[in-house]
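K.L.:
The primary structure of each chain is shown beneath.
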Amino acid sequence: MTALDTRPETPVRIRKPALTVRSIVRHPATPAFIGMLVVWLSIGAIAGRGLIDTISAGIIIATFLVIVGIGQLFVITVGNGGIDLSVSYVMTLSAFLACQIMAGQDSNIVLGLVVGVVAGVVAGGVSAFLIEFIGMPPLVGTLAVGFGLQTITLIYSGSVVGVASPALSDFTTMQIGPIPVFGVVGVVVAVLFAVILKRTPYGRRIEAVGQKPVAAGFGGTRPSLIRASAYVLSGGMAGLAGVFLAAYSGGASLGLGTSYQLASIAVVVLGGSLIAGGRGIVSGLWAGAVLLTLLTTLANITRLSSGWQFIIQGALIVLVLALSRNPIARR
Amino acid sequence: MSDRSRGDTLVVEGVSKRFGSTLAVDDASIRVTRGELIGIAGHNGAGKSTILKIINGQLAGDAGSVTVNDVKRAADQTVAHPEKIGVRTVYQELSLCASLRVDETAAIFDHSARGLGWRRTAWKNLAAVLDDMFPEHGIRREAKINDLSIARRQMIECASAFIDSTVPPVLVILDEPTSSLDAAATVGFYAYLQRRAAEGVSVIITTHRLHEMIDNLSRIYVMRDGRVLGEHAAATATKDSLVDAMGLASHEEARTPTASALGRETGGVARSTSSNEVIVRLEQSGEDGSPEALEVRRGEIVGFAGLEGHGQLTALEAVYRAAGRRGRAGRNRRTPHHSVAVTGDAAYVSGDRGVRGIFPLWDVAKNISFSSLASVSSAGLIRSDSESALVGDWYRRLGIKGTSADPITSLSGGTQQKALMARAMAVGSDLLLLEDPTRGVDQATKSDVYELLRSQADTGQTIVWYSTENEELRNCDRVFVFRSGRVVATISGSDATEDVIIALSFGDSTDSTHEEELAR
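Chains as they are written, first to last, in this note's numbering: chain H, 18 to 348; chain P, 186 to 705.
Hints may be right or wrong, so weigh each one.
Derived CB-CB ranges, DEER-like [what the hints assert, rightly or not]:
(1) S569/P - L242/H: 43 to 53 angstroms
(2) N517/P - S266/H: 37 to 47 angstroms
(3) S241/H - D643/P: 46 to 56 angstroms
(4) I69/H - A564/P: 53 to 63 angstroms
(5) T37/H - R203/P: 17 to 27 angstroms
(6) L242/H - V463/P: 39 to 49 angstroms
(7) T594/P - L54/H: 30 to 40 angstroms
The calculated lysine to aspartate or glutamate pairs, modelled on EDC-like cross-linking and capped at a C-alpha distance of 20 angstroms, are [unchecked claim]:
(8) K586/P - D548/P
(9) K424/P - E397/P
(10) K309/P - E278/P
(11) K257/P - D212/P
(12) K215/H - D537/P
(13) K257/P - E327/P
(14) K424/P - E268/P
(15) K215/H - D591/P
(16) K215/H - D548/P
Calculated from the structure, these hints are not laboratory results. All residues carry an ideal CB built from backbone N, CA and C; glycine is no exception.
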């Protein structure tokens, strides 16, 4: 076509990053996995409990955190100071809504799940509107939505007594042989969203907007819409986690989601994602969630005073974060 | 005293630096006398930036010595605060803090601005240099760096290198200082350098704008593959002699501007009669207030010229926003001076790579495929084989070196720019919009880019091209010259010489809208 094509062929090597020991050691998720293994083995050593029992209980409970954390990961990865502080309030409200609808009837499972997720999506939509169109900082915008939801929940929960459907409760604790079914759900959800983030155009746009929103805009993307979608996703995931958690714990309660507000952020960072956005690591998030869950178990079985438990938890988290500070992660 | 003033400010002897398997600088020696302006010429990757970083002490060399102001140090020693020995550096990739105000930024460079009123002191010192260097800079002290155009950010960087501060500058190193400046600002900049040189300040400049070096400097060192091949007196050097020394392949020389301009003239005429589809329509009110329309047709290359900040960029961005997304119609857009309508979709390439171009956490492949994700996906998933095929294809067509798994930030500026061109061209859009795409890019890459644009236009892609470098507008079919936000003249590409464009962009009178444009 032009002189450019008649030029002597330049050798073009399209190299895929090879899976070497070095690349595994340097992978941002590695510290979280190592931390998870260390805590897991320590529990076995200290308590003499079965390792299989420990991990299968651990990954069931971690799954709630994985589901909320994935939404949080998308919000953080999309950048612009993205953070979702409303997730805990969404979980609690969705739990109450779903329990009222299911009312102990297995026939209402689907409707309960849908309503729980839709409530989260609506809340996420409101956050997105406040942040992207009104221009509030994410920290304030999502907290405002969270407080709103908390008020609604307080008023509404007084008049409701609901119970989750027994089938859904059984599902969250079911084991097939040694394999916890709900733990497998957590792994499947993590794999699904890892694929979405790394292998779909939408996921690429999430990471691109998180790195350079202006460049992404000139590259044919609408940064504000991509960011808005992350809040909606986060709300939906929090709603889903809330319904499952209510089913697992036998019913909704006002403090249901509280511990997930900061834990969901912690697992994102523990997993090697950049808190400033642009790079999300879902596999690391899964390991981070299991790590945090097992850490609570470890703290409980050591029978130390709660002060010491917190110190040990804090020290381990600091250690994992220190390990994950490789030069590439440091921007 | 007179003996000292004629001494050498900088002596570099036998400096080498190796990065992995690449010998970036190979036994290089350079000498700069007091009050001398010298240049270093060479292609991207010739080792210019590396040797400059060794000179200012940011990077440790492997061998050799650097003597600044009669103080000798081994090249493997780094210097934490080069400004304390009077060495200042302006890097090619602009490095101002985006969220600070102009006066706050000035205080970072100016160590004399301390105590109460530090902002005022810093601004006073910076403004003194700015007013001298760029009389029409139009920069306000309370403006945020983020909101300034790339040209104004460059002006601030250049000016801050010449503030007296606590230690006055002795040696100033400028890496592509004028890459975003328009012709008038560039003239003012070099005039200022001459005045400071007369006071004894030495300056080293690297730029790909060879004629600037020839016109304004005393000597030019030429580097290739890490070696200093020799020095040329600027008085006797010509652009061709420098290009020869830098070692261009023979096919580059064949493309002299006149030959290609002539070839294009006939082609341009043929095309404009064969295709009449209007892709871009700019409406503005004429001198007498009646509306007039400017049209860009399919397959045309149109340049936006004029002095910096006269509305070219505003118009270009409006064209991008007015363009439709793939398969959807665009909407009309209004700017203060134009109403813009576009048929078809558009892709955009910016020369401001750091902010508007690259995704720094990704490898080159993801950077290139970003705008074409739909075409390499099936069933919603990105197919890695299609993606590698697309990326490999553009690696070949643009002659990008290295592998596509390299991090984008490991490439030189010119190669990053090629990757960004590839990203935009891979879209296959109706319209390709270029915002100073050859900023800080060497002559060979520029020639590649010009040829590539021509071939894209021949396949029916319309190109609108904003440039601060008037010389390259000869590669356009037509050039719109902007003044005070309006298009004041339309000339054919073959008529678009530096002199004509400058004459038109200054015009006879400046009206009040000029001020308004500058104040933005």
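K.L.:
Decide, hint by hint, whether the structure agrees.
P.N.:
Do the hints match the structure? See the list:
Hint check: S569/P to L242/H, Cβ distance near 26 angstroms, so the stated range 43 to 53 angstroms is violated. Evaluation of the 37 to 47 angstroms hint for N517/P and S266/H yields a failure: the beta carbon distance comes to about 57 angstroms. Checking the proposed 46 to 56 angstroms range against S241/H and D643/P shows it is violated: the Cβ atoms sit about 37 angstroms from each other. The hinted window of 53 to 63 angstroms between I69/H and A564/P is violated, with their beta carbons roughly 37 angstroms apart.
Between T37/H and R203/P the beta carbon distance is about 24 angstroms. The supplied range of 17 to 27 angstroms therefore holds. Between L242/H and V463/P the Cβ separation comes to about 30 angstroms, which falls outside the hinted range of 39 to 49 angstroms. Under the hint 30 to 40 angstroms, the C-beta atoms of T594/P and L54/H, about 33 angstroms apart, fit the expected range. Only pairs whose Cα atoms come within 20 angstroms are accepted, and K586/P paired with D548/P is accepted, the gap being roughly 14 angstroms.
Under the criterion of a C-alpha separation no larger than 20 angstroms, the hint pairing K424/P with E397/P is consistent with the structure, at around 10 angstroms. Between K309/P and E278/P, the direct Cα distance comes to roughly 26 angstroms. Violation of the 20 angstroms bound is thereby established for this hinted pair. Proximity of K257/P to D212/P is assessed by CA-CA distance (about 17 angstroms); at most 20 angstroms being required, the pair is judged to hold. For a cut-off of 20 angstroms, the pair hint linking K215/H to D537/P is broken: about 27 angstroms separates their Cα positions.
The straight-line distance between the Cα atoms of K257/P and E327/P is roughly 42 angstroms, outside the 20 angstroms bound, and the hint therefore fails. A C-alpha spacing of about 34 angstroms is found between K424/P and E268/P, which places the hinted pair above 20 angstroms, so the restraint is violated. Annotation: proposed proximity of K215/H to D591/P holds, straight-line Cα distance about 18 angstroms (limit 20 angstroms). Of the pairs offered as hints, the one joining K215/H and D548/P holds, with about 13 angstroms between alpha carbons and a cut-off of 20 angstroms not exceeded.
Comparing the model with each earlier hint shows violations of hints 1, 2, 3, 4, 6, 10, 12, 13 and 14; every other hint is respected.
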